[in-house]
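Enquirer: At position 216 of the sequence shown the residue is numbered 1449 (the numbering used here), and the sequence of numbers has no breaks.
Simulated from the structure, these hints should not be mistaken for laboratory data.
Treat the hints loosely; a few may be bogus.
Below, a list of computed lysine to any residue pairs in the SDA-like style, where the Cα atoms sit at most 20 Å apart [stated by the list, open to error]:
1. Lys1342 - Gln1331
2. Lys1278 - Glu1307
3. Lys1278 - Lys1302
4. Lys1387 - Ser1457
5. Lys1369 - Ala1402
6. Lys1341 - Lys1240
7. Lys1277 - Lys1341
8. Lys1345 - Asn1335
9. Lys1387 - Lys1342
10. Lys1295 - Ile1419
11. Lys1404 - Glu1433
12. Lys1424 - Pro1290
13. Lys1278 - Lys1295
14. Lys1240 - Lys1395
15. Lys1295 - His1403
16. Lys1404 - Ser1457
17. Lys1436 - Lys1475
18. Lys1242 - Thr1386
19. Lys1459 - Ala1483
20. Lys1436 - Ala1479
21. Lys1424 - Gly1439
22. Lys1240 - Ser1250
If you're wondering where the values come from, they're calculated on a predicted model, not measured in any experiment.
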Amino acid sequence: MKAIERKLKELRANVRSFGSAVVAFSGGTDSTLVAKIAHDELGKKAIAVTISSPLYPASELKQAEQVAKKIGIEHLVVHTNPLDDKVFVSNPLDRCYQCKLNDFGQLKKVAKSRGFREILDGSNAEDLQDYRPGLKAKEEMKVKSPLAQLGLTKQDVRMISKALRLPTAHKSSSPCLASRIPYGEIITMEKLGMIEEAEEFLKAKGFDEVRVRMHGNTARVEVSPKDISRLTSAGTRTAVSKRLRALGFAYVTLDLEGYRTGSLNEVILR
1234 MKAIERKLKE LRANVRSFGS AVVAFSGGTD STLVAKIAHD ELGKKAIAVT ISSPLYPASE
1294 LKQAEQVAKK IGIEHLVVHT NPLDDKVFVS NPLDRCYQCK LNDFGQLKKV AKSRGFREIL
1354 DGSNAEDLQD YRPGLKAKEE MKVKSPLAQL GLTKQDVRMI SKALRLPTAH KSSSPCLASR
1414 IPYGEIITME KLGMIEEAEE FLKAKGFDEV RVRMHGNTAR VEVSPKDISR LTSAGTRTAV
1474 SKRLRALGFA YVTLDLEGYR TGSLNEVILR
């Protein structure tokens, strides 16, 4: 048996053992795989729940709805607003903990109303290596992570997703917009809007892997290293600078190290 087939078989058995489950569903590569397997193995005893809030681009919610429909799993959207929480808005180091605690609380309510046993998320083995206060909330709320539990890496998830012909097999990750704002800097609707529009503009230009980090009135743009030369070409560079300045950024800079996840955590992990 090929390694990929063995891992898929183990994942199916793991999810099947839960009996019934609510899947924390963003429409990303990881949660889509979990939702797909949950639907296959648990049928009507599985539901995908997406948290909709100002922290996530509207385009991501639309994609999540499309993916859930393709999978065939029942899909529920729960609307929240973390900006009503003064602690979260202050942007502390455990910002993700505060947010995830609320999100998982919402999923708990859905599970209770449906009589479902477990809450599943798409955390993979590599997620455990970064600074992720949200993992503490997951543990406290007893959320299960079948991908991480089986030691599946991002590459494993992509390979299995490809084998299952899922549309998210090669989708770039898209964590919440607040992750673009350095800890300690206040989170506002205006800042989130600027970041979302800036990233959507760059994606429309063909930059799939992109982050616009907001340092005060400065935008620090991260794109894949292979795309840096294209971004700095005269026409593109001018267009990007003009658009981001129009959004309210006084300065537009390029991170020469290129795109990488969790770059704002590099300071606290030194």
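Enquirer: Does each hint hold? Answer for all of them.
Expert: Here's how the hints hold up against the structure:
1. Lys1342 - Gln1331: holds, 17 Å
2. Lys1278 - Glu1307: It holds: about 10 Å lies between the C-alpha atoms, which stays within 20 Å.
3. Lys1278 - Lys1302: At roughly 16 Å apart (the allowed maximum being 20 Å), lysine 1302 and lysine 1278 satisfy the hint.
4. Lys1387 - Ser1457: The given pair, whose Cα atoms are some 17 Å apart, holds under the 20 Å limit.
5. Lys1369 - Ala1402: Violated, at roughly 28 Å.
6. Lys1341 - Lys1240: Violated - the C-alpha atoms of lysine 1240 and lysine 1341 are around 28 Å apart, more than 20 Å.
7. Lys1277 - Lys1341: The hint holds at about 18 Å.
8. Lys1345 - Asn1335: holds, 15 Å
9. Lys1387 - Lys1342: violated, 29 Å
10. Lys1295 - Ile1419: Measuring from Cα to Cα gives roughly 28 Å; hence the hint is violated.
11. Lys1404 - Glu1433: It holds: about 15 Å lies between the C-alpha atoms, which stays within 20 Å.
12. Lys1424 - Pro1290: holds, 13 Å
13. Lys1278 - Lys1295: violated, 24 Å
14. Lys1240 - Lys1395: Roughly 13 Å separates the two Cα atoms, so the pair holds.
15. Lys1295 - His1403: Judged against 20 Å, a Cα distance of about 18 Å means the pair holds.
16. Lys1404 - Ser1457: Holds - the C-alpha atoms of serine 1457 and lysine 1404 are around 14 Å apart, at most 20 Å.
17. Lys1436 - Lys1475: holds, 16 Å
18. Lys1242 - Thr1386: holds, 16 Å
19. Lys1459 - Ala1483: Distance ~26 Å between lysine 1459 and alanine 1483 Cα, so the pair is violated.
20. Lys1436 - Ala1479: Roughly 17 Å separates the two Cα atoms, so the pair holds.
21. Lys1424 - Gly1439: violated, 23 Å
22. Lys1240 - Ser1250: holds, 15 Å
The structure is inconsistent with the numbered hints 5, 6, 9, 10, 13, 19, 21, although it conforms to all the rest.
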